[in-house]
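Enquirer: The chain contents come next:
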Amino acid sequence: MTGPDAGPVTVPSDEVPFDPSLPWRKSRSVALRPEPFGALVYHFGNRKLSFLKSRPLVAVVTALEEHPDVPSTLRACDVPEAQHPAYVTALATLSRSQMIERRTSVPPTTSELAAGPCTEADMRPEEGLR
Amino acid sequence: MTAVLPQRPTGGRLIDQFEYGLDAPICLTWELTYACNLACAHCLSSSGRRDPRELSTAEAEGVIDELQRMQVFYVNVGGGEPTVRPDFWHLLDYAIGHDVGVKFSTNGVKLNKARAAQLARTDYVDVQISLDGATAAVNDRVRGTGSYATAIRALENLAEAGMKDFKVSVVVTRENAGQLDEFKALTDSFGAQLRITRLRPSGRGADVWDELHPTMAQQKELYHWLLANGDGVLTGDSFFHLSAFGEALPGLNLCGAGRVVCLIDPVGDVYACPFAIHENFLAGNVRSEGGFQRVWQTSDLFTDLRSPQTGGACTKCAHFDACRGGCMAAKFFTGLPLDGPDPECVQGFGENALAARELDLVTPKSHIDHSHKGPVRGQPTLLGMPSIPAKICDESPLAGLDLR
Amino acid sequence: MPEQTETETPVPAAEEVLTEESLVEEVSIDGMCGVY
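So the protein sequences, as listed, match chains Y, B and V. Under the working numbering, the letters of the first sequence match residues 5 to 134, in that order. Under the working numbering, the letters of the second sequence match residues -1 to 402, in that order. Under the working numbering, the letters of the third sequence match residues 241 to 276, in that order.
If you are wondering where the hints come from, they were derived from the structure by calculation, not from laboratory data. For each residue, glycine too, the CB sits at the ideal point set by N, CA and C. A few of these clues could be false.
Simulated crosslink set (DSSO-like; lysine-lysine; CA at most 27 Å straight-line) [as the list claims (entries may be wrong)]: (1) K165/B to K52/Y; (2) K52/Y to K182/B; (3) K162/B to K30/Y.
Partial list, derived from the structure: chain Y residues whose beta carbon lies under 7 Å from chain B [stated by the list, open to error]: (4) R37; (5) F41; (6) Y46; (7) F48; (8) F55; (9) P72.
Excised from the complex, chain Y in its bound form (with noise of 0.2 Å):
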């Protein structure tokens, strides 16, 4: 549910708590499906789908691998203050299904990013899927 938080979210005991502070980016193994009211988001390897019912979520999500972390990609994303605890919460919920995960590696600073996972990164064999 939403409510006001300045910090990490919340979760189940046995989880890490979601760190807004930390860049993170929509998981490799995530396919993501834009829709009218928003976007389709399956994981390829948990096989959990997830709906996103905003389109501005739609574009925090995408634009998350671009920014140091979740306050930033908001403002870069002109979420409107009030609604930043509710869009922290929803990547809450994404990260604990894996639709997004850390970003270990900086942000590319070219376009010609060298395709297969980053050294440094968590990696899953892709098999040929996104």
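Keeping the supplied structure of chain Y fixed, place chains B and V upon it in accordance with the hints.
Expert: Frame of chain Y, contents of chains B and V only:
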């Protein structure tokens, strides 16, 4: 002719969005062949004999290419028995190599140790073994002598090969409704996931529905069993009509036909759902101009299904919001009006409606029937036909083929 | 006559929806009817 599309609401519940349809299915069923080595009494697709007009390998690849372009992430492949197509394993690889995850539904006939090992090594493939009894006695009455053994052998092979997350899919009937705990124990013993689904009066199911569909008492027990034990038990959302008992079961709880799901059949016909293989629910064919995408996005049938459905008499019921009037296919094939109660309406309105049918009513029958014509080895005994002993080696779906 | 009972999923009024509803909804890939 262009229909004026109803205005899609903004915000609100997801299912309200889905009822207006999507530009591509979320998931769909693809029956690869009507050929099957079995002759299950309740087969929803009336399978048995291969249709000579089946999609070729190239055409099937073309469908996969389209699904990739449309970003359909997951397809449920079935039949008939999909693994009897010689190109089955090639198409499996082709799909997963083109961003389309596959779950295939099988009676297990081809899942020897080698294939099980191969599947265990392959990501993005899910396997579902069909089983309709926790014991051979219950199962084989409906699926035929030897079918239980075949399924168990497949489960053993998959477990031994280290396959993860494979599923056992059960159609709940009057005869197995009391075996739910045994089914759970069986699947647990193999490290598999249990899936239970609703029997619809579709295909050959229409012939056995009266005697096989669960009683009202069994439905209630099933509902409570799901509430108590349903964590980790899949249902394919097929019991959403039971939500009218009270608390909703997990799932979208809506009829997805033509809105979020559909069927592609072995000859490329596109139907609203696999339980509605009948001319009235035929939207088009993938071989026509524009392929599957054009059928999905513009067919008259699907456009019709994506406008707000009139629930008719059901809208006055306090439970309508939970059950949405139930299953379209169940109503159609029992000869009930689509804007009235589901034949298994938990409030009992369906029983009233069934009793009110004309005595001489002939329920709709599809002309699509690929059932084996002659006796089949190991055929089910449910219909009272004598059982011809099955030979393990006699797997050919073409045995006794009656060429049309 | 059908009995009046509580429904388990009341639909919120339009104005409340944007503030209260979650922006993400998770569904099982197995969670839609009409699939094998």
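Enquirer: Next step is simple, just say for each hint if it's right about the structure.
Expert: Status of the hints after comparison with the structure:
{"no.": "1", "hint": "K165/B to K52/Y", "verdict": "holds (16 Å)"}
{"no.": "2", "hint": "K52/Y to K182/B", "verdict": "holds (23 Å)"}
{"no.": "3", "hint": "K162/B to K30/Y", "verdict": "holds (25 Å)"}
{"no.": "4", "hint": "R37", "verdict": "holds (4 Å)"}
{"no.": "5", "hint": "F41", "verdict": "holds (5 Å)"}
{"no.": "6", "hint": "Y46", "verdict": "holds (4 Å)"}
{"no.": "7", "hint": "F48", "verdict": "holds (6 Å)"}
{"no.": "8", "hint": "F55", "verdict": "holds (6 Å)"}
{"no.": "9", "hint": "P72", "verdict": "violated (30 Å)"}
The earlier numbered hint that this structure contradicts is number 9, and it is the only one.
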